[in-house]
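Novice: With the hints as extra help, turn the sequences into a complete structure.
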Amino acid sequence: MRFADEFRDPEKARVLVAEIERLAAPLAAKRGRALQVMEVCGGHTHTIFRYGLKNMLPCDVLEFVHGPGCPVCVLPMGRVDDCVALAREPNVIFTTFGDAMRVPGSKGSLLQAKAEGADVRMVYSPLDALQLARENPDREVVFFALGFETTMPSTALTVLQARREGLGNFSLFCNHITIIPTIKAILDSPELTLDGFLGPGHVSMVIGTRPYRFITERYHKPIAIAGFEPLDVLQSLWMVLRQLADGRCEVENQYKRIVPEAGNAQALAAVAEVFELREFFEWRGLGSIDHSGVRMRRAFAAHDAERKFAVANLQIADPKSCQCGEVLKGVIKPYQCKVFGTACTPERPLGALMVSTEGACAAHYQYGRIDLLKARNEAAEATT
Amino acid sequence: MRQLIEGVLLPAFGNSLLAPLEDQARIPMVELAGLGDRLAFTTDTYVVSPIEFPGGDIGRLAVFGTVNDLAMAGARPLYLSCGLVLEEGLELAVLARVADSMGRAAREAGVKIVTGDTKVVERGAADRVFINTAGVGVVPREAHIAASRARPGDVLIVNGSLGDHGVAILIARNQLALQAEVASDSQPLHGLVAAMLAACPDIRCLRDATRGGLATVLSEFATASDVCIRVREAALPINEVVRGACEILGLDPLYLANEGKLAAIVPGAAAEVVLAVMRAHPAGRESAIVGEVTAAPAGSVILTTSFGGDRIVDMLAGEQLPRIC
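Those protein sequence lines, which keep their order, are chains A and B. Each residue of the first sequence is one higher than the one before, starting from 1 at the first, in the numbering used here. Each residue of the second sequence is one higher than the one before, starting from 1 at the first, in the numbering used here.
It is possible that some hints are incorrect.
[To be verified] A short, non-exhaustive set of chain B residues, derived as facing chain A with CB atoms under 10 Å:
{"#": "1", "residue": "GLU52"}
{"#": "2", "residue": "GLU247"}
{"#": "3", "residue": "GLY250"}
{"#": "4", "residue": "THR305"}
[To be verified] Stretch by stretch, here's where chain B covers chain A in the computed footprint (C-beta under 8 Å, at least three residues):
{"#": "5", "region": "7 to 16"}
{"#": "6", "region": "54 to 63"}
It should be emphasised that the hints constitute simulated quantities derived from the structure, not laboratory data. If you're wondering where the values come from, they're calculated on a predicted model, not measured in any experiment. Backbone N, C-alpha and C define an ideal beta-carbon position, used for all residues, glycine too.
Specialist: Structure, rendered in structure tokens:
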């Protein structure tokens with residue numbers, strides 16, 4: 001398949017893995033521990049597990065820390081409860097992206113609400129939701145707007161289109177979040193031992209590479225904006241390690257074929273027209289982070305589900321047994337969580353990290369248990 | 001109702017066992033006894049939406065699906081029942097097309113629809129038409145196929161491209177604004193299985209990879225046999241169109257439904273012989289050896305990716321949901 005297979009060439013991968021190993025070994029030796037590189041974006045987490053990158057790399061000198069960049073995973077329970085309440089409104093068609101359907105709230109997920117009769121529909125694009133609004137003029141169509149800067153422009157443009165068409169029955173339940181304050185919150189965490197970052201590729205396609213400069217200037221950590229194919233991830237990792245080896249600290253852009261240095265001006269303009277920063281937004285596992293979410297500007301009140309409906313804006317604490325926050329910050333690995341694979345599985349997720357295949361825990365569960373199996377196997381062989 | 005049965009169903013299914021329209025079909029046992037030593041008996045219900053799609057329709061599916069469930073025991077499928085649940089308001093022409101398609105599929109597969117039942121429910125209580133088919137067949141003496149019989153050293157064969165049906169249905173639903181030339185692979189597999197059994201009576205495991213796809217079937221084999229099944233991604237036959245659709249939609253072809261594809265575990269020594277007869281059969285032209293059975297880690301399916309890494313292939317929790325970004 002063109003434009004995909006080129007980025008999955010196993011020969012090139014072998015060369016990169018060897019180079020990564022050569023660079024990582026002395027750096028780890030100097031630190032007396034394995035290097036820790038955070039891939040900020042859930043898309044990278046998915047790639048790492050799906051293609052088995054984790055098992056190709058020397059885990060004794062290098063480990064991935066799976067970052068907070070899975071919008072489904074960081075959604076707090078209260079917001080899910082708000083969604084379910086909206087979906088249960090008698091005249092509402094509640095539209096959402098697929099992987100948000102299973103996120104558990106305190107009173108069940110959207111999938112459960114649907115099973116109990118709420119009109120919840122999966123869409124692939126906010127434009128599908130807009131189409132539903134056109135086709136159902138006597139119903140209220142609410143779109144569950146979710147995601148980082150990657151998906152913000154498409155929802156902003158959809159709202160602008162709704163306004164142009166005068167579709168008063170279309171509204172957004174806005175849960176968009178921003179990545180920069182979150183990376184900052186992680187960097188300010190006292191437990192932090194990260195050595196570098198793989199930057200989110202598709203967020204950067206919108207915001208460009210400049211907003212990451214504080215990571216190199218204030219926190220002195222190298223970062224490479226990374227694409228999502230397996231060779232992209234390996235090359236970006238290699239770029240970060242080379243910076244560490246050279247004693248450099250820069251924002252490098254591996255994903256040049258998609259990410260312009262200045263971002264996408266038109267997309268940013270649409271976002272700025274429709275959205276404004278919230279003072280703070282609640283993140284699952286991470287708590288409240290200042291200026292980390294956006295809401296709709298007053299001018300778009302007619303399309304703002306939070307203003308149109310009585311959204312309770314509930315705050316509900318994460319389940320006590322869940323250690324999502326520690327996993328998100330890289331303090332513990334997913335399988336070190338008390339409930340991983342026992343009380344919390346993809347079938348019955350407790351924490352949101354177990355829901356989407358971009359979530360660190362689901363990825364570990366789905367694809368990563370190979371390590372556990374191998375370990376168990378070696379232990380069994382050793383005893384026989 | 002009588003008009004429906006005599007005007008539409010009887011002509012479509014037409015055979016001497018159904019014609020008397022008794023409350024039950026009466027099947028001569030002598031005929032069965034000559035074919036083997038065990039009766040295979042199965043049932044399945046078909047609710048696919050839309051009911052007509054590129055490469056098939058709900059009627060064909062209802063015949064071939066049940067035929068294939070029988071075939072996976074090595075059985076020769078013989079007789080089917082047909083239970084129809086019709087939603088009030090379903091156009092007669094549509095029903096006639098579905099019935100006609102079932103009749104043709106039955107003749108193609110060499111089975112007879114010998115008994116049936118039809119119910120009409122009020123609008124909204126069903127989605128146009130639901131079909132249940134039960135089937136009986138006879139298992140030949142030498143066949144002892146079971147999910148628990150995979151052994152280290154065995155190999156895994158599939159009979160062709162994976163995921164065609166799943167993607168054809170997704171596209172036919174027309175919710176994705178995707179256009180692609182891909183047809184359902186709906187086909188009967190008992191002829192192929194008979195050829196495989198003739199070449200190697202000791203076929204260990206056989207299942208058609210319908211809902212849940214190849215991944216689900218292999219997980220079932222690995223668990224039931226307490227072995228590890230290692231699959232080579234690069235060896236899996238997957239159409240370019242299906243790969244493309246999966247890339248765009250964030251789906252994994254290993255979990256997509258098929259309606260004419262089987263996974264077979266056969267002894268390593270017989271692999272090449274079985275592969276050759278499969279490739280010589282119309283339902284197996286693109287057959288390929290795609291993996292091996294090893295002892296450990298027991299109960300797991302491991303995929304070696306084309307990229308060179310290994311990962312676990314697990315049962316799917318719920319349906320595959322597309323990712324956001």
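Novice: Each hint should be assessed against the structure and marked as holding or not.
Specialist: Taking the hints in turn, this is what the structure says about them:
| no. | hint | result |
| --- | --- | --- |
| 1 | GLU52 | violated, 23 Å |
| 2 | GLU247 | holds, 6 Å |
| 3 | GLY250 | holds, 8 Å |
| 4 | THR305 | holds, 5 Å |
| 5 | 7 to 16 | holds (count 4) |
| 6 | 54 to 63 | holds (count 3) |
In terms of the numbered hints stated before, the structure departs from hint 1 and from no other.
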